[in-house]
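Novice: Listed below are the residues making up each chain.
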Amino acid sequence: MHTLTIAKREIKLGFRNSWTYSFLILLSIFTVAILLLQSGVNSTEGYTDMTGTMMNMTLYLLPLITLLLGSVSIAVEKETGHWELLSTYALSKTSFLWGKWLGLAVILLTMLAFSFGFAGLIAFLFGKSFPLETLIFFWVFSSLLALIYLGVSIAIGAIAKNRWQALIGGIAIWFITIIIWPLLLISILSLLPYSVLYFILEISTFLNPAELVRIFSMMKLGAGSVFGPEYNQWVTWVNGAFGTPIFIGVVSIWIIIMILIGAFLWERRDRRE
Amino acid sequence: MKKFLSAAIILLMILFGQTVYAADGETSLQSLINQTKPGDVLELPPGEYVGGATIDQPIHIKGEKDVSILSDGKGPALAIQTDQAVIENMTFIDQRTPTDETVYINGKNNELKDLTIQTNGVGIQLYEAQNNTLENINITGNQAVTFAERGNGIDLWDSNNNTIQYSNISNVQDGIYLEKSEENAIFNNEVTNSRYGYHLMFTTGTNIQHNYSYFNVSGMMIMGTEGTNVENNHLQYNQKSIQSIGLLLFDVKKAYVAHNTITNNKIGLFVENSTNNEITLNKLKDNYVGTQFLKSTDNNMYQNALLANVVQGQAERSSNNKTNENYWGDHTRLDTNGDGFSNLSYTVDPFYLTLTKEYPPYQIFFQAPGMHFLEQLFNAPTDQWLTDDKPLMVNPLESVTNEQTYSLYVLCFSLFLLFVSTTIIWMGVKKQ
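Same order as they appear, the protein sequences are chains A and B.
Under numbering that gives the first Met the number 0, the residues of the first sequence are numbered 0 to 272, in order.
Under numbering that gives the first Met the number 0, the residues of the second sequence are numbered 0 to 431, in order.
Everything labelled a hint here was simulated from the structure, so no lab data went into it.
Just so you know, these numbers come straight off a predicted model, no measurement behind them.
Watch out, some of these pointers could steer you wrong.
Claimed, not checked - Listed next, the in silico SDA-like pairs over lysine to any residue satisfying Cα-Cα at most 20 angstroms (straight line):
(1) Lys219/A to Trp236/A
(2) Lys219/A to Lys321/B
(3) Lys127/A to Ile423/B
(4) Lys356/B to Ile24/A
(5) Lys11/A to Ile423/B
(6) Lys92/A to Ala6/A
(7) Lys127/A to Phe412/B
Bound conformation, chain A alone (with noise of 0.2 angstroms):
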C-alpha cells in the first residue's frame, strides 16, 4: 500500500519536473535520429551491423540517462529531508525503494513510448520506412534496458549520501558495465589460467545488465552464430521454449536484489550513525 503512494507521489513529481521534459526531448531526438538511420537499411534479416551500431548507441545513453535520474531522485529527497518527513510514518525502506522503482518506472517507460512514437511519426511524415518489427524491438530493448538499469540506480541513490555521490556513482557504474567492461575482463582475465576463462565470461556476463540484455537480444534476432560455438548452448536455451520467461526471471531477480541490497546497506549505515 505505502508502495503505490510513493509510486504515485512519484509520479506526480516526476511529472511536474521540468528535468524529465528535458530527458523527454533529449530521448526523442536520439531516438529519431536511430529510427531514420535504421530505415536506410533493409532489415527483413534480423540482425544486421546496422542494428548492431543502433543498439550500441542506445546503449550508451539510455542506461546513464536511467542511472542519473534513479539514483539523484533518492539522493535528493534525503538531502531535502523528505525521507526524514516519510520515515516518520510506518513506511519501510524497502517499500519506499519499491515505491521510488515504480513510478520511475512508469515515467521512463512513458518517456520511451512517447519518444518512440514520436520517432515513428516523424519517419514516416518523412516518407522513410521500416518495418514494424525494427519499431518494436528497438522499443522493447529500450524499455528492457531502462528497467533494470532503473534497479541498480535505486541501489546507488539508497546507497549514496548525498546527490553528488548519487552522481558519481551513477557514472562510475555506467563507465564500467558501458565502457570499460572488455578491457576490464580481458586485463583481469590474462592474469588467468585459461580453463577458467569461458566459466568467468559467463558468469561475468550475467553479473552486467547490458550485456546481458544486449546479448539476449542479439540471439533473439538470431545472430547467436556470431559469438562462436562456444555459446552455442546459450543459443539453444535462449531460442528454446524457455528462453523468454528465464530471461524474463533473471532480470527480474536483477531488479530485487538490486533493491533488496539498497535498503539493507542503507538500513546499516543508518543504524550505524
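Chain A is fixed; fit chain B onto it per the hints.
Specialist: Just chain B now, kept in the frame of chain A:
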C-alpha cells in the same frame, strides 16, 4: 522350368522386339547384360541383382521400381567400359572399402540418371571419361566412420566435358571431386555432412553453378585451377572445423566468382596464392571472417556485400588487390558528391581477429559498445588492414521491399504509443 521360361521369353524378345526383360529374384546382372544387344533396352523388374557387371556395348538398362544392385565384393557394382550407354532408375549398395568404386565409368557419352547409391567407397568414378551426363543421383556414404575412411561421392579423374546435375550427396569424403579434368559442368547439386562439398584440383574451365553446400567441413575448395566459373552457389553453415571455409581459392587463376551466397561459415571467402580473379556480387554474411587474402595479388573484388561478419576481412602479404567498391554493413558512410560511393574509406582493424583467434570465448564481445573503445587503444600495423577506398553507399544485392504496408503499421503503432504516453503524462500531472 523358370529358367526355361525366362530363356524362352528372352528368345522371343530377341526375335520380335527390342526390350529384354529380366527374371525375378536375385539374378546376376552380368548374364542379363550379356543377353542384351547393342542399342537394346534391358528392363529390370523389381528385385535384387548381383553386381560386379561390366557393360562393354551401348545398351540402355532401366530399373522398373525397387531395383537394387548389390556389390559382388570384388570389382565395381557396375563398370561402364563403353560409349552411349544409359543407366536409369536403380539403387546400388556397396559395403566395401573407401578406395572401391561402386559405379565406374571409362567411356564417352554415357548417361546415368535417377540412381541411388549407398556406398562405403566412391559413389561414381569417372576415369578418362568424356561427355557423360550424371543426373539426379543420390549418394549416401557411411556416416559411422571418419572422413578419411570414406570415399568421394562423384570422383572425376582426367575426364572432360562431363555434366553433373540435380544430384544429392551426403556423408562422403568430398561430395564432387575433380582432378586433372577440363570443361566440366556442375549444376544444381547439393552436398551435406561431408568433408568438402566440391573439390577441384588442377582443373581448367570448370563451370560450377547453383550448387548447395551445407554442414560440411568446407563448402567449396578450388585449388590449382584456371578459368573456373563459380556462380550462384550457396555455401552455408560449413563450420565443422576451426579452419572451415565457405569458398577457398588456392593457387587459382582467372576465376569468375559471382552471385554466391556465403553465410555462417568460419571463413567466408579465403583467397590464397591466387591471382587475376574476379570476385563480384557475392553475399558474405554471418561468417566469423568475411573475406581473407593471403599472399595473393591482382585480384579484383568489387560490388560484394559483407554484412555482420564477426571480422569483416583481413589481408596479409597481399599486394595490388582491388578491394574497392564493396558494400560493408558496418561502415559509417558519407557521400558528399552523390556518386553512390562513400567519401570515407573503410578499413578493417585486425585487432578483434587477433584477440579472438587466441581466445575464442572473447567473441562474446562482438560489437560490444566497449570494444570500439578498446580498439582505439591498440594499434596494429596497417599493412594487414583490408581497405576499401570507395565503399558503396547502397547494398548492390538488395532490392527495395514493400514500403507502404510497413509505413501504415508503423504509423498506427506510433500513434498508439503517443496516445498512451501523453495520456499517462496528462493524468500524472493533473491527478491529485
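Novice: Hints first: check each against the structure and report whether it holds.
Specialist: Results of checking the hints against the structure:
no.: 1; hint: Lys219/A to Trp236/A; verdict: 10 angstroms, holds
no.: 2; hint: Lys219/A to Lys321/B; verdict: 37 angstroms, violated
no.: 3; hint: Lys127/A to Ile423/B; verdict: 28 angstroms, violated
no.: 4; hint: Lys356/B to Ile24/A; verdict: 43 angstroms, violated
no.: 5; hint: Lys11/A to Ile423/B; verdict: 10 angstroms, holds
no.: 6; hint: Lys92/A to Ala6/A; verdict: 13 angstroms, holds
no.: 7; hint: Lys127/A to Phe412/B; verdict: 15 angstroms, holds
Hint compliance for this structure: hints 2, 3, 4 are not met, and every other hint is.
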